[in-house]
Amino acid sequence: LGENNIWDQVKRVCRVGNTQYGLVHAAGTSLLIYRKDLAQKLGLKPPKTWADLVANAKAFSTHGMAGITIPGDNLFINILLGELVKANGGVLFDKQNRPQVASRPVLETLDFIRDLTQYAPKGWEGHGYLETFTNLTGQKAAMMYQGYGRGASLIEKNAPPNMANAEHFDVWVKPHGPSGSEPAAQVDEEPWMLFKGSKNPKEAIEFLKFFYQKENYLEYVQTVPIHLFPITKSLRADKDYQAMPMIQRWKSWIEVQEGYLNKDQGKPTLVVDWEDMNSKPYLMEVLGSGILRDMVMDAALEHKPAKEAAARAQKRLEELLKTKGYLK
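Our numbering applies: residue 3 is where the sequence shown begins, and numbers increase by one.
The set of hints was computed from the structure by calculation and includes no laboratory data.
Hints should not be assumed to be uniformly reliable.
[What the hints assert, rightly or not] Pairwise CB distance ranges, derived in the manner of DEER restraints:
#: 1; residue 1: K198; residue 2: A104; range: 36 to 46 Å
#: 2; residue 1: K324; residue 2: E217; range: 49 to 59 Å
#: 3; residue 1: K265; residue 2: K330; range: 28 to 38 Å
#: 4; residue 1: T325; residue 2: E304; range: 17 to 27 Å
#: 5; residue 1: G19; residue 2: K324; range: 37 to 47 Å
In this text, all values refer to a predicted model and were calculated from it rather than measured experimentally.
All C-beta atoms, glycine included, are put in the ideal place defined by N, C-alpha and C.
Given only the sequences and the hints, what does the whole structure look like? Please build it.
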């Protein structure tokens, strides 16, 4: 493929030191989807800060629909929290593996989620990923914070025909928090890996060579073209890729994802810094525990002060990490 032909962000996903242990099949970032037609009618500008986004959600909510929709299940709340903490200049765990949920950036994040979700549909905490898209395409909500490129296909399938386009459903670059300085997004990047001792390593390598050949890789990317962003710069610049009808229709969605990747603003779930990939092997155990979702819901739904919600989560996280042997 040529190492320089692969996006730097993509290489970081499976790199430890100077060794590359895997390579992702394609990249896709989370997206802030909004009703472009309504934003223009209301005179709303792209949100640069969280305060701007809350103001836009409030403005949209006066138009007979919810201002924003987000999935409330455990996975997506963890995805949301991780990228928001990054966008606010914070961390979830320090270098000694001690939880930092009581820190100012995380407390500000909890306050923001509480402020934003007051403009979400009633019962949002029980909505799954697909239901949030139903809210969007069914004109029950004007923005979706945890959207992805595959959503373009859902919009074309489910929105009214005259609205199923980027002139009605476009994307904004995500805003940053009061303690942050740049956006952050979550990346959907599962890797190929070849294990030592596997039965057919030569055949596996030949398959990967076949997979990434231009004509084969292009065919693969075409299956979900707005979500499966190519890992090679050459295919991104290729005229056959750019000429794909869906790429043409949803060009702005691709450009925002490329911006996140170019600026290294996309990270895997709960990863705030790339070093977390090597130094914090417990992140998926944290996700599975549900502790972070409970903290968010304590603040957003139960209206507990952020400090109180964070203190409870801090204690539970410390107990979890001590039990697992990650914290002394």
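Comparing the hints with the structure gives:
no., hint, result
1, K198 with A104: 36 to 46 Å, "holds, 42 Å"
2, K324 with E217: 49 to 59 Å, "holds, 53 Å"
3, K265 with K330: 28 to 38 Å, "holds, 37 Å"
4, T325 with E304: 17 to 27 Å, "holds, 26 Å"
5, G19 with K324: 37 to 47 Å, "violated, 29 Å"
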